[in-house]
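Chain residues, written in single-letter form:
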Amino acid sequence: MVGNTVNCEQVWREISNYVDGDVDVGLRAAMEDHIRTCGRCASVLAGMRNLVQLYGDERMLEIPAGFSGRLQKRLAKNVAVTGKRWLSWSAWLVPLAAMALMVGSLVMMNGHGNYLRSQHAEPGKNIPPDLVVVVSNGAKLFHVPGCEFIHDKASVRSMTAREAIREGYVPCPRCLRQYLKTGLLRSHEEVADNDEAEAEGEQEEVLSVAGH
Amino acid sequence: MAEPDVVLTNPSQAGGTREQDLILSVQRGQTELFYELVRPYERRVYAAALAILRNEHDAEDAAQEAMLKAFANIRQFRAEARFSTWLIQITVNEALMRRRRERTVVMEGIDGHRSGDEDSEYAPRDFADWREIPSEALERKEVRLRLAEALATLDRKYREVFVMRDMEHLNIQETAEALGISVASVKTRLLRARLMLRDLLAAGWEQGWFSRLPFEKGTKPW
Numbered sequence: 586m587v588g589n590t591v592n593c594e595q596v597w598r599e600i601s602n603y604v605d606g607d608v609d610v611g612l613r614a615a616m617e618d619h620i621r622t623c624g625r626c627a628s629v630l631a632g633m634r635n636l637v638q639l640y641g642d643e644r645m646l647e648i649p650a651g652f653s654g655r656l657q658k659r660l661a662k663n664v665a666v667t668g669k670r671w672l673s674w675s676a677w678l679v680p681l682a683a684m685a686l687m688v689g690s691l692v693m694m695n696g697h698g699n700y701l702r703s704q705h706a707e708p709g710k711n712i713p714p715d716l717v718v719v720v721s722n723g724a725k726l727f728h729v730p731g732c733e734f735i736h737d738k739a740s741v742r743s744m745t746a747r748e749a750i751r752e753g754y755v756p757c758p759r760c761l762r763q764y765l766k767t768g769l770l771r772s773h774e775e776v777a778d779n780d781e782a783e784a785e786g787e788q789e790e791v792l793s794v795a796g797h
Numbered sequence: 002m003a004e005p006d007v008v009l010t011n012p013s014q015a016g017g018t019r020e021q022d023l024i025l026s027v028q029r030g031q032t033e034l035f036y037e038l039v040r041p042y043e044r045r046v047y048a049a050a051l052a053i054l055r056n057e058h059d060a061e062d063a064a065q066e067a068m069l070k071a072f073a074n075i076r077q078f079r080a081e082a083r084f085s086t087w088l089i090q091i092t093v094n095e096a097l098m099r100r101r102r103e104r105t106v107v108m109e110g111i112d113g114h115r116s117g118d119e120d121s122e123y124a125p126r127d128f129a130d131w132r133e134i135p136s137e138a139l140e141r142k143e144v145r146l147r148l149a150e151a152l153a154t155l156d157r158k159y160r161e162v163f164v165m166r167d168m169e170h171l172n173i174q175e176t177a178e179a180l181g182i183s184v185a186s187v188k189t190r191l192l193r194a195r196l197m198l199r200d201l202l203a204a205g206w207e208q209g210w211f212s213r214l215p216f217e218k219g220t221k222p223w
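Protein sequence lines correspond, in order, to chains L and U.
Count along the first sequence from 1, add 585, and you get the number used in the working numbering.
Count along the second sequence from 1, add 1, and you get the number used in the working numbering.
Rather than coming from a laboratory, the hints here were simulated on the basis of the structure.
Glycine included, C-beta positions come from ideal geometry on N, C-alpha and C.
A few of these clues could be false.
Unchecked claim - BS3-like cross-link-like pairs, simulated, lysine-lysine; straight-line CA separation at most 25 Å:
id, chain 1, residue 1, chain 2, residue 2
1, L, K738, L, K725
2, L, K710, L, K725
3, L, K658, U, K70
4, L, K662, U, K142
Said to hold, decoys possible - Label pairs and their computed distance ranges (CB to CB):
id, chain 1, residue 1, chain 2, residue 2, range
5, L, N592, U, I182, 53 to 63 Å
6, L, R644, U, E122, 30 to 40 Å
7, L, P649, U, S183, 44 to 54 Å
8, L, E647, U, R101, 51 to 61 Å
9, L, G606, U, R29, 32 to 42 Å
10, U, S183, L, T622, 28 to 38 Å
11, U, S26, L, N589, 15 to 25 Å
12, U, R76, L, G606, 29 to 39 Å
13, L, E643, U, Q174, 19 to 29 Å
14, U, R101, L, N589, 44 to 54 Å
15, L, N589, U, N74, 25 to 35 Å
16, U, N74, L, E752, 57 to 67 Å
17, L, G723, U, S26, 15 to 25 Å
18, L, T622, U, N94, 22 to 32 Å
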């Protein structure tokens with residue numbers, strides 16, 4: 586821009602930038618000096634400011650009747666589709682959970698679940714379900730009758746192996762060792778002198794070593 | 002650089018924190034809040050689409066589609082951008098894509114003769130001592146209609162820049178990016194659009210557009 590003065594054409598060329606505050610200080614001062622004394626440029630500036638003010642008003646942005654409703658409806662439909670995807674996935678969770686519970690219950694009933702009185706015990710395999718066994722209060726093992734490692738013999742009660750397993754008892758590693766995998770690894774002499782409390786402790790230790 | 006001469010209102014500046022909260026909530030899965038997030042901008046989105054498509058039905062459809070695209074991509078929105086600008090840019094893209102698809106650009110191209118070449122200078126034609134149109138006049142539907150009609154007579158390239166800059170309140174850079182033109186082109190087109198609109202409205206005043214406004218007899222609106 587030339588010197589410190591501007592003519593009308595130069596003002597018109599920059600008037601839009603001036604309204605937007607997008608001219609440097611020197612040009613701004615020169616334009617203001619000119620506009621102060623020029624009715625034509627003052628008219629152009631006033632008109633442009635008014636124009637920007639009017640069109641910039643939110644009321645100028647009119648939308649057709651019912652626009653918001655139609656937009657909401659379309660958005661809701663889309664959101665619903667998204668929601669349905671989640672719902673259809675989550676809807677599987679309930680039957681899946683129910684199935685898991687049922688399976689879990691069946692496993693527990695068969696003695697293969699977490700419902701073991703001894704957390705680290707080995708459940709045993711191929712135990713004849715109708716084998717008569719005995720359990721005692723506060724113990725975790727079931728034994729064949731007469732096993733010398735029965736704890737609290739005064740409270741002994743009889744039942745079948747199936748019932749004992751169902752109640753969470755696990756086979757005695759002494760008298761029922763043939764039904765335990767780990768039991769096969771241990772010699773009879775090793776355990777002959779232990780009482781039941783030791784036997785239970787040992788069994789947990791052995792099973793832990795075996796990775797259970 | 003001097004301060005802007007005209008302070009433009011920007012709806013997104015109000016309740017910015019609330020808007021950020023809404024954005025985060027929608028991004029985290031509370032999709033039912035999306036309409037609440039975009040509701041303040043539905044007018045601007047529609048106006049942007051209308052400026053490009055010039056057909057109410059197409060503009061509404063494009064506006065809705067743009068909102069859906071914004072919804073689908075909300076997780077990609079990053080806070081460094083203004084949400085309103087992001088939304089308007091999606092709308093402009095959608096509208097431009099539709100226009101290209103419908104090949105209306107060829108039809109639009111022929112009306113360049115009315116406003117002359119972009120590079121040639123436009124000189125104001127009316128230098129009467131205009132009196133300002135008060136913003137209260139916008140309460141009258143007739144005034145809004147006249148202003149909209151004047152805007153509709155502009156060539157597409159001038160109208161689009163004017164709408165993005167002066168009605169959507171995008172800045173020069175954002176306008177350039179949204180329309181895919183240079184900053185220099187935005188400034189040139191904006192100058193011409195503003196000068197042309199000013200003259201168009203001056204003529205409208207003389208034809209009695211604002212005759213029922215409470216101006217003194219014989220005075221012009223600005």
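Here is how each hint holds up against the structure:
1. L:K738 / L:K725: OK: L:K738 and L:K725 at ~14 Å, within 25 Å.
2. L:K710 / L:K725: OK: L:K710 and L:K725 at ~17 Å, within 25 Å.
3. L:K658 / U:K70: With Cα atoms ~15 Å apart, L:K658 and U:K70 stay inside 25 Å; holds.
4. L:K662 / U:K142: violated (33 Å)
5. L:N592 / U:I182: 53 to 63 Å: violated (29 Å)
6. L:R644 / U:E122: 30 to 40 Å: Because 33 Å falls inside the window, the suggested range holds.
7. L:P649 / U:S183: 44 to 54 Å: violated (34 Å)
8. L:E647 / U:R101: 51 to 61 Å: Check failed, 26 Å falls outside 51 to 61 Å.
9. L:G606 / U:R29: 32 to 42 Å: Holds - the Cβ-Cβ distance for L:G606 and U:R29, about 39 Å, lies within 32 to 42 Å.
10. U:S183 / L:T622: 28 to 38 Å: With Cβ atoms ~35 Å apart, the hint holds.
11. U:S26 / L:N589: 15 to 25 Å: violated (55 Å)
12. U:R76 / L:G606: 29 to 39 Å: holds (36 Å)
13. L:E643 / U:Q174: 19 to 29 Å: Given about 23 Å between the Cβ atoms, the range holds.
14. U:R101 / L:N589: 44 to 54 Å: holds (48 Å)
15. L:N589 / U:N74: 25 to 35 Å: violated (51 Å)
16. U:N74 / L:E752: 57 to 67 Å: Roughly 59 Å apart at Cβ, these two residues keep to the hinted range, so it holds.
17. L:G723 / U:S26: 15 to 25 Å: violated (55 Å)
18. L:T622 / U:N94: 22 to 32 Å: Violated - the Cβ-Cβ distance for L:T622 and U:N94, about 47 Å, lies outside 22 to 32 Å.
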